[in-house]
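Colleague: Spelled out from the first residue to the last, the chains are:
Number of protein chains: 2
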Amino acid sequence: MKLATYKDGSRDGQLVVVSRDLSTAHYATGIAGKLQQVLDDWNFMAPQLQDLYDTLNNGKARQAFPFEPSRCMAPLPRAYQWADGSAYLNHVELVRKARHAEVPDTFYGDPLMYQGGSDDFIGPCDDVVVPSEAFGIDFEAELAVITGDVAMGATPAQALEGIRLLMLVNDVSLRHLIPGELDKGFGFFQSKPATAFSPVAVTLDEVGDAWDQGRLHLTLQSTWNGRKVGMCEAGPEMTFHFGQLIAHICKTRNARAGSIVGSGTVSNKDWSHGYSCIAEKRAIETIENGKPKTNFMKFGDTIRIEVKGGDGQSVFGAIDQKVVEAA
Amino acid sequence: MKLATYKDGSRDGQLVVVSRDLSTAHYATGIAGKLQQVLDDWNFMAPQLQDLYDTLNNGKARQAFPFEPSRCMAPLPRAYQWADGSAYLNHVELVRKARHAEVPDTFYGDPLMYQGGSDDFIGPCDDVVVPSEAFGIDFEAELAVITGDVAMGATPAQALEGIRLLMLVNDVSLRHLIPGELDKGFGFFQSKPATAFSPVAVTLDEVGDAWDQGRLHLTLQSTWNGRKVGMCEAGPEMTFHFGQLIAHICKTRNARAGSIVGSGTVSNKDWSHGYSCIAEKRAIETIENGKPKTNFMKFGDTIRIEVKGGDGQSVFGAIDQKVVEAA
Chain A
1 MKLATYKDGS RDGQLVVVSR DLSTAHYATG IAGKLQQVLD DWNFMAPQLQ
51 DLYDTLNNGK ARQAFPFEPS RCMAPLPRAY QWADGSAYLN HVELVRKARH
101 AEVPDTFYGD PLMYQGGSDD FIGPCDDVVV PSEAFGIDFE AELAVITGDV
151 AMGATPAQAL EGIRLLMLVN DVSLRHLIPG ELDKGFGFFQ SKPATAFSPV
201 AVTLDEVGDA WDQGRLHLTL QSTWNGRKVG MCEAGPEMTF HFGQLIAHIC
251 KTRNARAGSI VGSGTVSNKD WSHGYSCIAE KRAIETIENG KPKTNFMKFG
301 DTIRIEVKGG DGQSVFGAID QKVVEAA
Chain B
1 MKLATYKDGS RDGQLVVVSR DLSTAHYATG IAGKLQQVLD DWNFMAPQLQ
51 DLYDTLNNGK ARQAFPFEPS RCMAPLPRAY QWADGSAYLN HVELVRKARH
101 AEVPDTFYGD PLMYQGGSDD FIGPCDDVVV PSEAFGIDFE AELAVITGDV
151 AMGATPAQAL EGIRLLMLVN DVSLRHLIPG ELDKGFGFFQ SKPATAFSPV
201 AVTLDEVGDA WDQGRLHLTL QSTWNGRKVG MCEAGPEMTF HFGQLIAHIC
251 KTRNARAGSI VGSGTVSNKD WSHGYSCIAE KRAIETIENG KPKTNFMKFG
301 DTIRIEVKGG DGQSVFGAID QKVVEAA
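Those protein sequences? They're chains A and B, same order as listed.
Quick note: the first sequence uses full-length UniProt numbering, first residue 1, plus one each step.
Quick note: the second sequence uses full-length UniProt numbering, first residue 1, plus one each step.
By construction, these hints were calculated from the structure, which means they are not laboratory data.
Mixed in with the good hints, there may be bad ones.
Said to hold, decoys possible - Listed below are the simulated DSS-like cross-link pairs for lysine-lysine, each with C-alpha atoms no more than 30 Å apart in a straight line: (1) A:Lys-251 to B:Lys-293; (2) B:Lys-97 to A:Lys-184; (3) A:Lys-291 to A:Lys-228; (4) B:Lys-322 to A:Lys-251; (5) A:Lys-184 to B:Lys-269; (6) B:Lys-298 to B:Lys-269; (7) A:Lys-7 to B:Lys-251; (8) A:Lys-184 to B:Lys-291; (9) B:Lys-251 to A:Lys-293; (10) B:Lys-228 to B:Lys-322; (11) A:Lys-251 to B:Lys-184; (12) A:Lys-34 to A:Lys-322; (13) A:Lys-184 to B:Lys-251; (14) A:Lys-184 to B:Lys-184; (15) B:Lys-184 to A:Lys-293; (16) B:Lys-7 to B:Lys-308; (17) B:Lys-184 to A:Lys-291; (18) A:Lys-34 to A:Lys-7; (19) A:Lys-97 to B:Lys-184; (20) A:Lys-322 to B:Lys-251; (21) B:Lys-293 to A:Lys-184; (22) A:Lys-251 to B:Lys-298; (23) B:Lys-34 to B:Lys-322; (24) B:Lys-7 to A:Lys-251.
Full structure from sequences and hints, please.
Modeller: Here's what the structure looks like:
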């Protein structure tokens, strides 16, 4: 099934069930008002939502209405955890190669992951609000899962069983703030402003065979200012699958229901696939020509991130945002 | 007023109002079931809770019951943000001096802060569950505030206005996992297991003049295995006050209601005050004798963290925990 959260002026919005083709939606009122409630009590509520979803897909839902992504908040407008991995090692290799640094061997056995802010997510069509272009505004097109409860010590296989929903992410990054923050040693903070998510989050059955043991074998499309810059294959080059990423969290603690776990920038060794973040394009330019040529985003720039299924239809709806200056 | 969250088998527990002397409590049912609801709608709900608090303190609340800290969850059992600063630069100076490293000048103008996991906090008397003693188990006694909404770009003075509640923290740290994580550059993750908070969170009026422009001028007591090891003054040596810490978050994003912001380990230049984490004691030993003598915590160890007011009474109740091995 496909779930979204409609803006209604409240902090958590209103849960809606969205038809498979993303044409219609129906409020989940009577089952659950908020997605977090569903995640807190998945086994009880998910079957009820599935029934409504089936009815909606059959055109039998009597109070269905046209689905409008622009009315969406993030599926979880705020979350208790947002842990973002960097699971495509090619991305790390490129960025490091551009600055003549090696990738430590340990990076191939132990995922990179940072804890992100999760109190103020933005919707798929909300503006990306940044105080200054000088911060080096970049998009990062990623996949993410939302988990149920996964206990401390869970294996990657056990962690896979805890995945409830799948969605897209624009992990907006402020590149020029990153070096200073990493030098301080405490990780990203100001360099990661509010994160955006796709209009809908979907259960794994929605992608069929494209989901294979923690990896999504579909193409992630990134379109910057109307120009398609990335057609990256998300499956084969994901060094750590989502079960491994979740198990990384669970080495020393529990991951509780509603935890969002990101893949990091999707990246392919074959540069002809393009890029899922500008930093990677700049790294390639630096490797080829000694310096970057492509600039980061300007106010007014747009970014669209989407995945199409085997049938050519949009799976999650599109993240489609404009960058604007903070008031 | 003083607020706590009682365990009731649910994820968010039941909000209770606690008397000033911590002797009695009363369910806030009828006003709000959960603390996050209050933070989401503070101006409407706080006065109602204050009325109940006054009635309780006057001995007129008809369904009051004895307050038991052991029945408490963290005041916010899960939160949308846990951002922990390192605002006592003396702590940073000591740890760096022990390894012959300088403190960069920028550290005195720009706070250190990491994003912590906030999906699975533990209560004040809950066990600290760790998979292995070899991880280097340490406590960190800190203060924290819970905020309302604070907008992107807020000044430190504006951010101070957003503070709703004050509490104590045990920011459990796994010291031997930290160097490897910091080397990776993405900050703390596995080295920060579930965090514990004091039985009650209090409004600023509860500490009177001890609260002065973002700093709490009281003594933070840490008692390890029954031995008082820290009597640290929390006020004068806090390099960055809470308004500055919150403003640090807000440079590039909003901080939304229910954000928890920590002070980092409370630390004094005068070593006779003792220590609020074992790492600092070991740093002092290393500076004095070339190597640390004090070991980190073992399974079965206890840690008690408390602050007493000008009247000698416990302000927040005590964090009082035992370290145990993960099953």
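Colleague: A separate judgement is required for each hint: does it hold in the structure or not?
Modeller: Hints, one by one, checked against the model:
Simply put, Lys-251 (chain A) and Lys-293 (chain B) have alpha-carbon atoms about 28 Å apart, close enough for the 30 Å limit, and the pair holds. Distance hint between Lys-97 (chain B) and Lys-184 (chain A) is fulfilled; the C-alpha atoms sit about 16 Å from each other, no more than 30 Å. The hinted pair formed by Lys-291 (chain A) and Lys-228 (chain A) meets the criterion: a straight-line CA distance of about 23 Å does not exceed 30 Å. For the hint pairing Lys-322 (chain B) with Lys-251 (chain A), the CA-to-CA distance comes to about 20 Å; that is within 30 Å, so the pair holds.
With a C-alpha separation of about 22 Å, the suggested pairing of Lys-184 (chain A) with Lys-269 (chain B) holds against the 30 Å cut-off. Restraint check for Lys-298 (chain B) and Lys-269 (chain B): the C-alpha separation of about 28 Å stays at or below 30 Å, so the hint holds. With a C-alpha separation of about 26 Å, the suggested pairing of Lys-7 (chain A) with Lys-251 (chain B) holds against the 30 Å cut-off. For the proposed pair Lys-184 (chain A) and Lys-291 (chain B), the alpha carbon gap of about 25 Å is at most 30 Å, so the pair holds.
A distance of roughly 28 Å separates the Cα atoms of Lys-251 (chain B) and Lys-293 (chain A); the hinted pair therefore holds under the 30 Å criterion. With a C-alpha separation of about 16 Å, the suggested pair Lys-228 (chain B) and Lys-322 (chain B) falls inside the 30 Å cut-off, and the hint holds. At most 30 Å may separate the alpha-carbon atoms for a hinted pair to count; Lys-251 (chain A) and Lys-184 (chain B) meet this at roughly 17 Å. Taking the CA atoms of Lys-34 (chain A) and Lys-322 (chain A), the gap is near 27 Å; set against the 30 Å cutoff, the hint holds.
A hinted pair counts as satisfied when its Cα atoms are at most 30 Å apart, and Lys-184 (chain A) with Lys-251 (chain B) qualifies at roughly 17 Å. Between the alpha carbons of Lys-184 (chain A) and Lys-184 (chain B) the distance comes to roughly 13 Å, so the proposed pair stays at or under 30 Å and holds. This hinted pair checks out: Lys-184 (chain B) and Lys-293 (chain A) have alpha carbons roughly 28 Å apart, not beyond 30 Å. Note on Lys-7 (chain B) and Lys-308 (chain B): the hinted pairing holds, with a Cα-Cα distance of about 25 Å set against a maximum of 30 Å.
Note on Lys-184 (chain B) and Lys-291 (chain A): the hinted pairing holds, with a Cα-Cα distance of about 25 Å set against a maximum of 30 Å. The straight-line distance between the Cα atoms of Lys-34 (chain A) and Lys-7 (chain A) is roughly 11 Å, inside the 30 Å bound, and the hint therefore holds. For a cut-off of 30 Å, the pair hint linking Lys-97 (chain A) to Lys-184 (chain B) stands: about 16 Å separates their Cα positions. Among the hinted pairs, Lys-322 (chain A) with Lys-251 (chain B) is consistent with the structure: their alpha-carbon atoms are about 20 Å apart, no more than 30 Å.
Under the criterion of a C-alpha separation no larger than 30 Å, the hint pairing Lys-293 (chain B) with Lys-184 (chain A) is consistent with the structure, at around 28 Å. Distance restraint check for Lys-251 (chain A) and Lys-298 (chain B): the Cα-Cα separation of roughly 19 Å lies within the 30 Å cut-off, and the hinted pair is therefore satisfied. Annotation: proposed proximity of Lys-34 (chain B) to Lys-322 (chain B) holds, straight-line Cα distance about 27 Å (limit 30 Å). Between Lys-7 (chain B) and Lys-251 (chain A) the CA atoms are separated by roughly 26 Å; this keeps the pair inside 30 Å, and the hint holds.
In the structure shown, no violation is registered for any of the earlier numbered hints.
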